[in-house]
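Keeping their order, the protein sequence lines are chains A and B.
FYI, my numbering numbers position 64 of the first sequence as 64, with every residue one higher than the one before it.
So the mapping is simple: my numbering equals the position in the second sequence, first residue as 1, plus 1000.
There may be inaccurate statements among the hints.
Claimed, not checked - Listed next, the in silico PhoX-like pairs over lysine-lysine satisfying Cα-Cα at most 25 angstroms (straight line):
id: 1; chain 1: B; residue 1: Lys1386; chain 2: B; residue 2: Lys1180
id: 2; chain 1: B; residue 1: Lys1324; chain 2: A; residue 2: Lys281
id: 3; chain 1: B; residue 1: Lys1114; chain 2: A; residue 2: Lys23
id: 4; chain 1: B; residue 1: Lys1197; chain 2: B; residue 2: Lys1126
id: 5; chain 1: B; residue 1: Lys1109; chain 2: B; residue 2: Lys1121
id: 6; chain 1: B; residue 1: Lys1327; chain 2: A; residue 2: Lys118
id: 7; chain 1: B; residue 1: Lys1229; chain 2: A; residue 2: Lys120
id: 8; chain 1: A; residue 1: Lys183; chain 2: B; residue 2: Lys1126
id: 9; chain 1: B; residue 1: Lys1224; chain 2: A; residue 2: Lys23
id: 10; chain 1: B; residue 1: Lys1229; chain 2: A; residue 2: Lys281
id: 11; chain 1: A; residue 1: Lys239; chain 2: A; residue 2: Lys150
id: 12; chain 1: B; residue 1: Lys1109; chain 2: B; residue 2: Lys1126
id: 13; chain 1: A; residue 1: Lys92; chain 2: A; residue 2: Lys76
id: 14; chain 1: B; residue 1: Lys1121; chain 2: A; residue 2: Lys183
id: 15; chain 1: A; residue 1: Lys240; chain 2: B; residue 2: Lys1386
id: 16; chain 1: B; residue 1: Lys1224; chain 2: A; residue 2: Lys27
id: 17; chain 1: B; residue 1: Lys1327; chain 2: A; residue 2: Lys27
id: 18; chain 1: B; residue 1: Lys1324; chain 2: B; residue 2: Lys1224
id: 19; chain 1: B; residue 1: Lys1003; chain 2: B; residue 2: Lys1180
id: 20; chain 1: A; residue 1: Lys239; chain 2: A; residue 2: Lys76
Simulated from the structure, these hints should not be mistaken for laboratory data.
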Amino acid sequence: MIEEVSKIKEVSKKKNNRITLGKVIQKCILYSFILFLVVIVIVPVIWIFGASLNPGNSLYGSTMIPENPTFIHYYKLFTETDFPIWYSNTLKIATGNMLLSIVLTTITGYVFSRFKFKGKKMGLMSMLILQMFPAFISMTALYVLLLQMKLLNTHLGLIIIYAGGQIPYNAWLVKGYFDGIPKSLDEAARIDGASNITIFRKIILPLARPIITFVALTNFTLPWMDFILPRLILRTADKKTLAVGLYEMVSGHQNTKFTTFAAAAILVAIPITILFIYLQKHIVQGLSSGATKG
Amino acid sequence: MRKSTKATLLSAIFMGLGQFYNRETGKGIVFIIIEFIGLALIPYFRYSIWGILTLGETPLHYVNDIAVGDHSIFLLIQGIIAIMVLIFFIVFYIINIFDARKTGKIRDKGGKVKTFKQFLKYIWEKYFPFVGLSPAIIAIFFIVLLPIVFSIFIAFTNYSSPYNLPPRALVDWVGLKNFKNLVTLKIWNSTFWGVAKWTIIWAALSTLTTYFAGLFLALLTNLKGLRFKKAWRGIFILPYAIPAFISLLVFRMMFSGPGAVNSFLSQIGLEQVGWLTDPLIAKITILVVNLWLGSPYFMVLMSGILTNISKDLYQAADIDGATKRQKFFKITLPIVFYQTAPFLILSFAYNFNNFNVIYLLTDGNPVNAAYKYAGHTDILVSWIFKMTYDQNQFHMAAVVSIIIFLVIAGLSAYSFSRTKSFKEEDMIQ
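With these hints in hand, go ahead and build the complete structure from the sequences.
Here's what the structure looks like:
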């Protein structure tokens, strides 16, 4: 049987090795098509980078490859706008949100994965369904809630809302991942006298690095992109986040700060993009852990 | 009277008394403190319940230059918060009674009562699920559930500009009037159905296009004999890695009137196109931009599945003399479809509410004169946003939110109940 297979393989190899004109043309078409796709993917990136180097201010004069490239907009970003403040605010919120979210979701996921209790299935289902509610009107409620807790216009308030709001979806994914860690490991440890918390810390967490990376990454990146909730909750300029600042640069009709926006966009996109590509394996694993079809 | 009955009665009268009777001082003190907090909050509860029932009685006015009056919306939210706090309190009260009864029963049988320390340890181990879940439960109650309850309540009020906008005016309960208006008033009705139609078309098309483009990219970058596979994949993943918020704003600039695309067109002597201003072209532009944004996600997902398909299947097919085409249609495609089916539904639900793409690209524009507060490219969720933030039509926005929620929640519940991590629930332990 194995011999047969290898024979077939040899035959097909011989077939493949014969170079014909048709094959060459095929290859040419294939690679030029791939290059075409690459251009489509890359052009917007090059364009925005080129725009950030354009000397003017507006969208009109900017060209993809500027004739007199200048870094003035990057310089202005740090001297004339609050960009550094926005950056550090966002970094602070992102880090806080990431840490709090990891703690909340892993514990919740652990309980849902390892314990049996009344209302578990209903709890799981309602967690998922609840987060499907369109959020816009409900933001008023969050505003009043923070007002009552005296957390309005604070980064802590925003972090609490982010970290609380992400529980339903992420806890579900984390639970799915934990389900894949053999229960025999827990049981062995329990026989040795380990408590729930010890099992969680010493056995589950070390084996769950991919999903924790996923939760960390998604929660770290969220505050860099959300321009709606911070606008409502953070009322003063010194508390503003990057997404809000960036959005305000181009949401007006004049687009007068277009090139500065381009420079800011580059500075925000580069670290996040690198993080994403560096961690992409975990992202795929994380996404598929909750939803693989059985 | 038996000790358990006595303890139960005592705890029912006042939290903690039964525990004291059972000689559990530590527990008793905790419960008594909770009871005192509850008693101290009675005026607060009474005010809050009055607030949620009446939504205020005097609108804002000035007395000696100081603003006084009721703010209906604050009253409503405070009312909901108070009810939630009250629910937690009642749960504690019930726990307190059951606890006193349980310990009393142990004493009836002559058993030994746990010390406070032993008890805490017992709770920590026996009731770990509830201890572990309590932060999440509290967070979900106040951060997820409270806003939803609020939105649902708003659908039964007349909270809207210009006549019922606090703080200058009060809001009232109106029952089902808003739902009736949505069905009977022509302008609301036609806007809703018009926007809903485009929302469904958009969600279906955007999901299908990105799904198949992702499949295509995955197959392309997995082709046998293709060189530099990793490099191609690395480039194709870029749109997924770059923050969507930024790429969307960049596309908005590129496709705008004086943007790069139009200036390129005029350079090569073609006429400029209203990429984001013509109703039909704008819709197509949105779909194309979303294709750029969304396909890499499916490419990544499907690449993983493609490389995990067992080689045995293909070898067996080879032996049976299957052609390439047969192998592709009978092995590869069915496996990919089967494994990605839940993602297809999730992606539909996501796109159905994909506010960012629409809002950041077009703001829902161009304006549609036949619609109330909505443009040609608005989907339901961006329409809700406009009704809330631009027009202050909270009551109608709430009604539409409830409708969206019912559709999306039903769909997701169905797809989730078919996933592995939900199905296997019964088999655990």
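So, against the hints stated earlier in the document, which numbers end up violated here?
2, 3, 4, 6, 7 and 19
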